[in-house]
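*Asks:* Next come the chains, spelled out residue by residue.
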Amino acid sequence: MNFDPSHSKRSFSSVGTRPIRPDGVDKVTGRARYGADFNMPGQLVGRILRSPHAHAIIRKIDTSRAAQLPGVKAVLTAADLPDLTNGDAAMYDILDNCMARKKVLYDGHAVAAVAAIDARTAKQALKLIEVEYELLPHVTDVDQAFAPDAPLINDTIFTTGVDPKPDRPSNVSMRSQFGHGDVDAGMARADFVVERTFKTEQTHQGYIEPHACVASVSSDGTADLWVCTQGHFVYRQHCAQLLGMDASKLRVTSSEIGGGFGGKTHVWAEPVALALSRKAGRPVKLVMTRDEVFRASGPTSATSIDVKIGALTDGTIIAADATLRYSCGPYAGAWAEVGAMTAFACYKLENVRTVGYEVLVNRPKTAAYRAPSAPMAAFAVESAIDELAKKVGMDPVDFRIRNAAQEGTKASYGPVYGPIGIGPTLEAVKNHPHMKAPLGKNQGRGMACGFWFNFGGQTCTDLNIGMDGTVSLAVGTVDVGGSRASLSLVAAEELGIDYSQVRTVIADTSSLGYNDMTDGSRGTFSSSMATISAARNAIKILRERAAQMWDIPVEDVTWENGHAVAKGETHGNLPKLSLKEIAAASGTTGGPIAGHSEIVADGAGVSFATHICDIEVDPETGATKVLRYTVVQDAGKAVHPTYVEGQYQGGAAQGIGWALNEEYIYGKDGRLQNAGFLDYRIPVCSDLPMIDTQILEIPNPNHPYGVRGVGETSIVPPLAAVANAVSNAVGVRMLHIPMSPPRILAALEA
Amino acid sequence: MMAGIAVSTNINGDNAEFLCHADETLLDVLRDRLGLMGVKEGCGTGDCGACSIILDDRLVCSCLVLGAEAEGRRIETVEGMAQGDQLHPLQQKFLEHAALQCGICTPGFLIAAKDLLAKNPDPTEEEIRFGLAGNLCRCTGYDKIVRAVQDAAGVMRGA
Chain A
61 MNFDPSHSKR SFSSVGTRPI RPDGVDKVTG RARYGADFNM PGQLVGRILR SPHAHAIIRK
121 IDTSRAAQLP GVKAVLTAAD LPDLTNGDAA MYDILDNCMA RKKVLYDGHA VAAVAAIDAR
181 TAKQALKLIE VEYELLPHVT DVDQAFAPDA PLINDTIFTT GVDPKPDRPS NVSMRSQFGH
241 GDVDAGMARA DFVVERTFKT EQTHQGYIEP HACVASVSSD GTADLWVCTQ GHFVYRQHCA
301 QLLGMDASKL RVTSSEIGGG FGGKTHVWAE PVALALSRKA GRPVKLVMTR DEVFRASGPT
361 SATSIDVKIG ALTDGTIIAA DATLRYSCGP YAGAWAEVGA MTAFACYKLE NVRTVGYEVL
421 VNRPKTAAYR APSAPMAAFA VESAIDELAK KVGMDPVDFR IRNAAQEGTK ASYGPVYGPI
481 GIGPTLEAVK NHPHMKAPLG KNQGRGMACG FWFNFGGQTC TDLNIGMDGT VSLAVGTVDV
541 GGSRASLSLV AAEELGIDYS QVRTVIADTS SLGYNDMTDG SRGTFSSSMA TISAARNAIK
601 ILRERAAQMW DIPVEDVTWE NGHAVAKGET HGNLPKLSLK EIAAASGTTG GPIAGHSEIV
661 ADGAGVSFAT HICDIEVDPE TGATKVLRYT VVQDAGKAVH PTYVEGQYQG GAAQGIGWAL
721 NEEYIYGKDG RLQNAGFLDY RIPVCSDLPM IDTQILEIPN PNHPYGVRGV GETSIVPPLA
781 AVANAVSNAV GVRMLHIPMS PPRILAALEA
Chain B
-9 MMAGIAVSTN INGDNAEFLC HADETLLDVL RDRLGLMGVK EGCGTGDCGA CSIILDDRLV
51 CSCLVLGAEA EGRRIETVEG MAQGDQLHPL QQKFLEHAAL QCGICTPGFL IAAKDLLAKN
111 PDPTEEEIRF GLAGNLCRCT GYDKIVRAVQ DAAGVMRGA
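Sequence order for the protein chains is A and B.
Heads up: take any position in the first sequence, counting from 1, add 60, and you land on this note's numbering.
Going by this note's numbering, the residue at position 81 of the second sequence is 71; the numbering climbs one at a time, nothing skipped.
Heads up, some of the hints might be wrong.
[Said to hold, decoys possible] Cβ pair distances, simulated, as ranges:
1) Pro197/A with Lys109/B: 54 to 62 Å
2) Gly148/B with Gly573/A: 51 to 59 Å
3) Gly25/B with Val476/A: 53 to 61 Å
4) Gly25/B with Gly647/A: 35 to 43 Å
5) Thr35/B with Ala139/A: 56 to 64 Å
6) Asp47/B with Gly647/A: 52 to 60 Å
7) Ser(-2)/B with Asp678/A: 29 to 37 Å
8) Ala12/B with Thr220/A: 22 to 30 Å
Since the hints were derived computationally from the structure, they do not count as laboratory data.
Note that the coordinates shown come from a computational prediction; the quantities given were computed from them, not determined experimentally.
Cβ coordinates follow ideal geometry from the N, Cα and C atoms, glycine included.
Model the full structure from these sequences, guided by the hints.
*Replies:* This is the structure:
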C-alpha cells in the first residue's frame, strides 16, 4: 500500500454529517435505471426452461420444434456451453448451475434457454422444448441428507477435512474444525451445562428487484453486459472464463441495484444471456421472474446445530462446543465453516471447539446472505447462552458481559482481537431504557449478541479534478445502499472541499482496475480507504502545482482546508491558493490533476452488535408481534450516520422475518411450494415497530478514519434475540426457526 | 399475430394512446411500450407493490391490470409527482429521511403514500403502517419510510 492506513484522523468536518445522497433525486423520480430498465436496439427476449424435478438424469433434450418457431433466434442447451473450466471445480459448479449438464439437481435448475423477438414467442418456444428425464431419489432436508443412507447427490464428493479420506462418496463435502483448549476436560469441570439441538430453515435474501441483464456480443469478439450485480468485475471474470473470452473484451456495467444482500454475488442468467446473444448475433435481455428468483437463485443454508456450553457457579463459561450442519445446495460449499468460525466469536473462552459439515441437498446452490452463516450459529449459541445464564442464576446481559471477548482475546476462530465493541455494546444495552420498560401479559424480552468479520479486499479508485475545481470520483464497489454519499463525504473531507463539489460514480469494468464485489460489508470501508489514498495522491500534485505557480519549493507548500498554503519566512505572506484556482491553471502547469489508488484494503475491523427485542405472543393463534426493537452496534466511525442507522434497521428487519415467518417449504416431491411473495412472506410495514438504533464508535485502528464495515452484523443477533424473547414469553425454549404460529402452538402444547 | 387493441388514456395529465395485446398487463404497457420505467416489476403477482399506480383515484398494482382496461381512465405514476424541478413533498421527505436504500421499491411507496395522504391527510403511525402494508421494502425496515410519510403529511397539511 502506498499510504499509511493507520487511524490518523479524529476530527471531521464532512464525515459524520447527513447530506442527501447523490443518487437520491433519480431514485424518487423514477429516473434511476435498474437491471430491467435498459434496452438496446434489436434486442431479443431471453427465457430459461427449468427443471420441475428435484433430481433426475437428463436423457434427452429435443429443441428442434422450438428452433423452428417463427421469431425464435437462438436455442441453447449445455451443449452450447462447453466446459472451459480447466479442472477448476468451483467454476465447473457455476457452469453446471447456470445450465444443467448431465443431471438436474433441484427444482428450478436451468436445462435450456431461448432468445426470441418478444416475450410471448420466447414463452411459447420454451413449451416446445422436450426434455426426457429419468427421475432419481432426492433429498431436500439437511439432516436427512446428512444420514449415511441418504440418496447420493454427487458421486464425486468425498468428505474433505477428515483423515483418512472416506472410502465412499457422501453428501458431506467438507468437515471443518476450529477452537482451542481442552473442551472435554473443561466440560467435566462445569457446574452447569446446557445442551440443545437447534434447527433453522432456508431463507431468501428477498431483494425486490429480480435478476436482470442485457447482453450484447459482437461478431468481433467484444461484448457488453448491463446487469444488476454486487460485483461487476467478478461477473466479468466468471462470464469471460465460462465463455472463453478475454476479460478485457467484456465490458460490464453495473446498473442501479434493487437489493442484493449477498444474492447478487453469483452468476446465473448472465453467462446464458451472453451465450444466447453470441448465438443469435443480437442483444438479449434476460429478466428472471419472481418464481425463478426463489427457485433458481441462491438462498441461504438450512441448518441443524448441536450446542453444548458449560459454566462455573461464578458465571465463567468453562467450555463451549458446537457441531453445525449447513445445507449448501447440490454443490460443495463452505457455509458451515463460516458458521463454525463465527459461532463463539463474541466470547472469551478457554476451551472451545466448533465442527462444521457442508451438506449437499437437492435445493438451489446456496449463496451469501448478509453475514452469511452467522445468524444461524448465533441463534443456536445465543439461545443456549441465555438458558445457561438462567441456570447459573445471572442476568443474561451480566452473564455475557462477564464472558465477553476483549482486546487481546484469542478468538475461537484463531486471531487475537484488537480494540473491539462487544463489551461496549453490552454495557450500552445494560444501561438502555429499553431494558427497564415494563412488560405485559404474554409479552417477553430477549437480547442477543452478534459478530461479523468484515472484509477489505482489492479496491481501486480514480479521483479526477475538473478544470472548474469540482471532483469526479470513480469507484468500483457497487453502491448497494448509499455508499456514493459516504464516499463523496470522504473525498470532500480529505480534500477540504464541500460535499456538493464531489460526484461519485460507479465505473464500468473497462474504466477502472479490478475491484472485489460489494460483500463482507466492504463497500464504504475499502473504497473510502482507496478514496483517501487517491485524494492524498491528488493533494501531492495540487501542492506541486501551487509550488510551480508560486515558484517556490514544494516542501514549502502544505494543504489546509482545501487550499495550498505557503509556509516559511520567505513566502509566508503569499495569499493561499484554493483547489479551484489551482485546477483552473492546470492547463498551463502540467495538465489534468488526478489521484489514483490501487490497494488491498487489509485490516477490516471486526464488528459486534447487541440487540434487544420485546414481543407479544397470542396464545390462541401462536402469532407473534414485535413490540419494540433496539440495535446497538459498533461502526468504528459512522461516515453517514443516517445510512448506518438504515443498515442497522434493515438487517434487524430481515432477521425478524427469518425468526418469525420466512422459510422455503419443500413438498415430498422435492418441489418448492412457496416460490412467491404471497407465500414466502417477508415483513411488511404493519408487522414491525420503529427500530431504535444506537451507533457506537470504537475506531478501527487499520483505517485512517477508524471506519468498520456496518452492513451485515445487524442480521446476526435478531434470530436469537426474538427467540429469547418468545421463549421468555411462553416459558418454553424455542428450538426451531422460523417460529411461525404452528411451531409456537406446537411448542405450547408439547 | 393478433392485431393490437387501441387504447386511449391519460397518464400524468397527458393524453396517451397505445396498441396492446389482449393479455398484456398495464405494467408491461407502461414500461415496454410507453417507456415509463419508474414503474417497477418485483413479482408480477400483486404481492410487492413495486408497480403501484393510481388508476382513477384508486391505488392498484399495474401488474394486475390489463393494458386494455386503461381505456378512458386516468393514470398517475411516479413520473408525474414532481412538477418540473419541484419535488413533491413526499419525494423531498424520502430524500431527507433517507427512506430509501436501494430505491427499487421507492416509486411504489411514493405512489401508495400519495394515495394514502389524499384519503387521510393526518394518519397515525399505525394508519401509515397499514396503509403501506401492500408495498414490500427489504432494505430499510420501514422505520425511515414511516417517518418520511409523517413528515410529508405535516408539510402537505401546512402544519
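*Asks:* Evaluate each hint against the coordinates.
*Replies:* These are the hints, each one checked on the structure:
1. Pro197/A with Lys109/B: 54 to 62 Å: Holds, since Pro197/A and Lys109/B (Cβ atoms, about 56 Å apart) stay within the stated range.
2. Gly148/B with Gly573/A: 51 to 59 Å: 53 Å, holds
3. Gly25/B with Val476/A: 53 to 61 Å: 57 Å, holds
4. Gly25/B with Gly647/A: 35 to 43 Å: 41 Å, holds
5. Thr35/B with Ala139/A: 56 to 64 Å: 34 Å, violated
6. Asp47/B with Gly647/A: 52 to 60 Å: Between Asp47/B and Gly647/A, where Cβ atoms are some 58 Å apart, the hint holds.
7. Ser(-2)/B with Asp678/A: 29 to 37 Å: 51 Å, violated
8. Ala12/B with Thr220/A: 22 to 30 Å: Violated, at about 57 Å.
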